[in-house]
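Asks: Protein sequences appear in the order of chains A and B. In terms of the working numbering, the first sequence opens at residue 1 and continues consecutively. In terms of the working numbering, the second sequence opens at residue 1 and continues consecutively.
No lab work stands behind these hints: they were computed from the structure. Accuracy of the hints is not assured; some may be wrong.
The list treats identical chains as one, so a pair stands whether inside a single copy or across any two.
No farther apart than 30 Å at their CA atoms in a straight line, the calculated lysine-lysine pairs in the DSSO-like style are these [as the list claims (entries may be wrong)]:
id: 1; residue 1: K119; residue 2: K10
id: 2; residue 1: K291; residue 2: K185
id: 3; residue 1: K580; residue 2: K551
id: 4; residue 1: K119; residue 2: K560
id: 5; residue 1: K580; residue 2: K75
id: 6; residue 1: K54; residue 2: K75
id: 7; residue 1: K612; residue 2: K75
id: 8; residue 1: K135; residue 2: K724
id: 9; residue 1: K580; residue 2: K612
id: 10; residue 1: K3; residue 2: K75
id: 11; residue 1: K388; residue 2: K543
id: 12; residue 1: K524; residue 2: K407
2 protein chains.
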Amino acid sequence: MAKVADKYFKTDSWKVIEEGFNPDYGKVAESIFSLGNEYMGIRGYFEEGYSKDKLIGSYFNGIYERTKPEYGHYKGITDFSEYMVNSVNYLYTRIEADGKILDLADADITDFERVLDMKNGLLTRSFVWNVSAGKRVKITFDRALSMTDVEMAMQRITATALDSDVEVAVTSGLDFGEFHMMQKKNMWNCDRKSVNVAAVAGMAIEGETINTGKKVYSACTLECLIDGVHTELNGLNCETISEEKLVATKIKLTAGKDQKIEFVKKIRNLTFKDGDSEGDYESEVKTIEAKIADASVDSIAVENFDSFVDTQAKWWDNVWKHSDIIIDGDEENQQGIRFCIFQMFQTYHGAVKGTNIGAKGLTGEAYNGNAFWDTETYCLPFFIFNNKEAAKNLLYFRYKTLDEARKRAEVLDCRGAFYPIATISGKECCDLWQHASLQLQASTGVAYGIWFYEKIFGDKEFMADYGLEMLIEISRMLVSRGDYAPDGKYGYYAVMGPDEFQMMVNNNCYTNYMGKFTLDYTVKKIDEALSANSAKFEELAKKIGYDPSEKEEFKEISEKMFIPYHEDTKIFEQHDGFFKLPHLDVDEIPITDFPLYSNWSYDRIYRNDMIKQPDVLMFMLLFNSQFSDEQLRANYDFYEPRCIHESSLSPSVHSILAAQLHKEEEAYNFFGFATRMDLDNYNRNTGEGIHTTSIAAAWMNIVYGFGGLRTDGDCIRIAPSIPKNWKGYSFKINYDDATVEVNVTKEKVNLKTTDDSKVTIQIYGNTEAIDNKGYECPLE
Amino acid sequence: MAKVADKYFKTDSWKVIEEGFNPDYGKVAESIFSLGNEYMGIRGYFEEGYSKDKLIGSYFNGIYERTKPEYGHYKGITDFSEYMVNSVNYLYTRIEADGKILDLADADITDFERVLDMKNGLLTRSFVWNVSAGKRVKITFDRALSMTDVEMAMQRITATALDSDVEVAVTSGLDFGEFHMMQKKNMWNCDRKSVNVAAVAGMAIEGETINTGKKVYSACTLECLIDGVHTELNGLNCETISEEKLVATKIKLTAGKDQKIEFVKKIRNLTFKDGDSEGDYESEVKTIEAKIADASVDSIAVENFDSFVDTQAKWWDNVWKHSDIIIDGDEENQQGIRFCIFQMFQTYHGAVKGTNIGAKGLTGEAYNGNAFWDTETYCLPFFIFNNKEAAKNLLYFRYKTLDEARKRAEVLDCRGAFYPIATISGKECCDLWQHASLQLQASTGVAYGIWFYEKIFGDKEFMADYGLEMLIEISRMLVSRGDYAPDGKYGYYAVMGPDEFQMMVNNNCYTNYMGKFTLDYTVKKIDEALSANSAKFEELAKKIGYDPSEKEEFKEISEKMFIPYHEDTKIFEQHDGFFKLPHLDVDEIPITDFPLYSNWSYDRIYRNDMIKQPDVLMFMLLFNSQFSDEQLRANYDFYEPRCIHESSLSPSVHSILAAQLHKEEEAYNFFGFATRMDLDNYNRNTGEGIHTTSIAAAWMNIVYGFGGLRTDGDCIRIAPSIPKNWKGYSFKINYDDATVEVNVTKEKVNLKTTDDSKVTIQIYGNTEAIDNKGYECPLE
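This is chain A alone, in the form it adopts within the complex:
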């Protein structure tokens, strides 16, 4: 069941390039050309309108709607969902030439090219439109989002008549009228609207979601330049448009032959969401409203389009300086991994406190824009080693939503906090109870995230203010959700581990293992807190009603936790009875049966020893130093052949562990499409949005896999290897206030810091002090 590339974009180490337009790839390209700055994200759709298949997706982190399915239910079963809601199309444009409306679905065009430049985040699209015989117009669309002033976006449309004068009409505005793709309806009420024309057009519109009362206030100016010269709009033929969910300005003019007509739109989008002060929001809206009323070129921003792009280039330059991965001898993976890093920074970089990472980032509506346990398990390592602030913000999201997790625990008849499997606001949004009620890994994943963050940064303040409270609440859940077997062993019953193809099992090894880890870690942190600053801890204890006997309970249950390990074979049994399940040879499943969720009867998936994704191998990666290579090999050899990798995260985990076991061919095969999963649309669903969490896994794949980075021991360790067809590669980790560059060639490994700092790293088992003079050793 090998996945096959569907290559469409041109390979280039710093750019993503589409040459010529193929409508079959319309939505895939929309996803790939998404821009984002954590605060907002916009798909690469054709802003001028397009009558074929498309998703005019414009999203804001934390702006979501709520739905109530009509579905009878039992206690603890979620009867609603929250989803990231498609918002204002602030690039809204319509273009007419000689009365003909531009629509790439049927327009006669040549020289189509679209380029995303990963050095500055600029997306450019250009083509020549054959309006009619001997009437060609060259049109270029540029767009960029601000990475520093995240409410800002800019758009530039340039039109030049190539053959003779053309009558041009351009409509540009702000549109809340798009439907949500999954819900098939529009969820916005728009009461506040303004549009006026002076030196430029000034427009603003506010949308409010129907059920959740979230607000987006979108404002813009629209300037016209002719041959680079600002042209007052009130001197042109302008028409203002104000409809139910749309404001726009229509400008008609004659584009003389070879004249460069430019429309520059500066946009500012404000949001009102959970935790925001309505007063602050209102006063910001009022300030902008007043500026827009002036409708001067500088109402939204003083920068022009080019200087705006320069600002972004500087920001990205810093990113690449600290986070670039260079692959020598494999341009496809080079482009792929840069695309991954670019997307990771677009999705999340610590700009907005209190949000999380949706499964598709801000690039599409699949998975409802919900965040999963992927955040701590797959995304956090990337941020830990590239952007501390982002890592901290992600964990802070869990603290901010701790009360919701407490409520969820209560409805599940547990004590403490039970973190949701899928969420936006902190509420459990997964209406499949078999996942929402049976999967404990979101909760233990939060504990793991705290542990990982503390291990790398030693942030005692975070631990005292947020971390320990979460740990105690999660541990309370863990000692109330499980039970004792007749033999006195403690375990979790009726659970689903990471492997979602074994639904309702007892003593899932991952769940028990992570439960034990969480309890042990909590006990340790309580002890530390007691000795470090006992007054502070007393305050916390009082706040959450913590009793000293609880620590004893945590300890006792941890001691009695059942870890199903078979000493003779060195294999962990995934859950009670796993070894007695009927065996299914996964290679015998016809390729047409995939994805199994669509083609197999739902229950059929759960009747054998096939697994969807790593489960035992997962905790052996997370706590790698706890296991010998012999143990790892035994479990890898047992579980890998049973795994069908139906989760997009599965191959990377296998690749990393295969690299550790010197299974070089397997490691590279599993790495295979990791960096290019979306660029080459391996899963044939990139059109729905980017696989954001897989992108994080691709980074791990190189750094943890070939780089051999391990971070769970006392000191961080690396043990690089190199794929056969690479000449060399380098990656950077930001650690202990230093940026460490690791260069690997066929012969040797070189480590150095990029500034004056020194760090201690274990390489191939030898502890070394690394500075900017570098350390070199042969490749093992």
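We have chain A already, so just place chain B on it with the hints.
Replies: This is chain B only, laid out in the frame that chain A set:
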């Protein structure tokens, strides 16, 4: 967690009596006073209208609607449901006296009495209405359904002014306007309507369901009698009413003091449902339409109300003659068991081919009017020994819906036929996949039903025409749904047995046992068919593409079927790992936690060794002769303390087996409320409708429990015992063309046939020939 009676009705051995009206019991009484004749059922609602809590329920067997919940799903998960739809209120009445509208919610009444007579099926309600000071009107409502001409119903309303003349207005009609309780909407379109007044009022209306196109044509005549004398309606002040979903006639007259004013309504209801010919239905409708147009007293029926009731009395007399149970010394249980038998015959007696028994019969809308595996497992024994035709019809329903079961198997990736857990039309209507996809007992239950029916009646024609085809298709499912464990044993994975508190388990003992039984029985029947009439079998084989190798597969899998039995303890393990589950002391659960489905987090139910209802004990009852008392005792003693009897069917099974094990006190305690579950509203939900299948279990409880009847061996066996506080009891079984009466006293057991026939019965292990002279032996 003892259940407590909520006694409201007066005890009487042949009647159910309500003395005085208490609105708190309004819906309970509506359910208890339901009338039914298998074809249609009507709740005991106040036909004159009632503004407090009520359910104006009027149902027709096989008349159902369909709904599509908006719920994303996977393959094999039902995304719609079918439900018995509330239909025409053919008793629709409104009564005014001196301009005041009668409504028992606020009317000043005395002498309220309601009586259901189980000797003739007549329901009578009467009271004195104090219209105003010194203006009393006595009103009596009578209603009955025909048991022989099942489309027919009659209603009589009698009013007498007791003090002085009263101006009376009575509106009577046919109303399709009621809402469905669960769906909270009306599902009928009514295009065909007529109402005219001549000697009597003639009215008719047709309703058609919106989604399923089922039709009900309801027609009636309404006659007025004054002091027993027919009074032409066109001589009175009459008004005809025709609204969107209602036709009615309003009659105004002065009721002189002591004058007896009677309104007699004769109703005929035609239905058009699955399998009916539209042409036949239309021609019947036309015939009645023509008669109604005449509006003569005899348009619907020649019988008057009293003779109509006499006809029913004769029918019921025959029922009691063959099926009565007499309990000496316990009037409450006497009334209770008669009520059960009465309800069983009302619900189903073989009048209509191709229908089944809904969980609430025709008395309410809970469980959507769907039929469950209860039909074969709990209801069939009653019909087998009381009404062969009904038993055969029930099995015929499964044959009629075999194609739907084939389609269901296909969508579940199985071969053969997979019978639905909940159904009306044969389609799976349970939208909880964990039941619909994981429970195999509906299918093996059909095989059991066929086996049982054949065992008692030896109906070779049924087997050749219907039975064997079903058996082969079920066996095909059984050999495709299961799988082999690594040790070569065959079993079923990811299943739910009868015990619904262990959801998704492997090798459920009941499922494996019943699977093996079904395969063995099918092989035997194939062999018999081959030797008996091989041409007929060849025809079947050709029709269903049966290959001789299939029989070998059935045999092989049966041989390898894993039955988890522990020789040392003699206990069957309910499923893989059951003995290792955490133990829950069910007696420790606070009574306020019940029902657990409402008060516990859904998943919490599934994390321990608590069981909802018998599972291992169930097959030990069905195939009782296969097990020694020692085995039975070991399993009873192990499983009973773990059972919370959350299914209303559970206590009867335990009572029957406790009786067998001479646990007399337990047997009587579990019997406890079996016969009076609804009369005394033990589950506090009788208002939703009668527990029809529990009623069947109550019968089993006496006949199989105290009577000790067993029918799975070569000869039917009885082994009576008697509860301590009974003086004696008798029951009848209709078997081998004879009616056998079994009389049990404290001292002895007497068996005799009630006519000339002779039957062979094993009593306390001795095989005896029984005739009408009787056989007597001491009670053991």
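Asks: If a hint holds in the structure, say so; if it doesn't, say that too.
Replies: Okay, the hints, checked on the actual structure:
1. In this assembly of identical chains, the alpha carbons of K119 and K10 lie at most 30 Å apart only when taken from the same copy (17 Å versus 88 Å across copies).
2. For the homomeric pair K291 and K185, neither the shortest alpha-carbon distance inside one copy (33 Å) nor that between copies (53 Å) is at most 30 Å.
3. For a Cα distance limit of 30 Å, the shortest separation of K580 from K551 across copies, 27 Å, qualifies, whereas the shortest one inside one copy, 37 Å, does not.
4. Neither within a single protomer nor between protomers do K119 and K560 lie at most 30 Å apart by alpha-carbon distance, with minima of 54 Å and 66 Å respectively.
5. Taking the shortest Cα distances, K580 and K75 sit within 30 Å of each other only across copies (26 Å), while inside one copy they are farther apart (33 Å).
6. When the C-alpha separation of K54 and K75 is checked against a cutoff of 30 Å, the pair qualifies only between copies, where the shortest distance is 27 Å, while the shortest distance within a copy is 39 Å.
7. In this assembly of identical chains, the alpha carbons of K612 and K75 lie at most 30 Å apart whether taken from the same copy (28 Å) or from different copies (17 Å).
8. In this homomeric assembly, K135 and K724 never come within 30 Å of each other (Cα to Cα): the closest approach is 54 Å inside a single copy and 106 Å across copies.
9. For a Cα distance limit of 30 Å, the shortest separation of K580 from K612 qualifies both inside one copy, at 18 Å, and across copies, at 26 Å.
10. In this homomeric assembly, K3 and K75 come within 30 Å of each other (Cα to Cα) only across copies, at 23 Å, whereas the closest approach inside a single copy is 41 Å.
11. In this assembly of identical chains, the alpha carbons of K388 and K543 lie at most 30 Å apart only when taken from the same copy (29 Å versus 71 Å across copies).
12. With identical chains, the CA atoms of K524 and K407 are at most 30 Å apart within one copy only, with a shortest distance of 26 Å there and 58 Å across copies.
Consistency note: the structure conflicts with the earlier hints numbered 2, 4 and 8.
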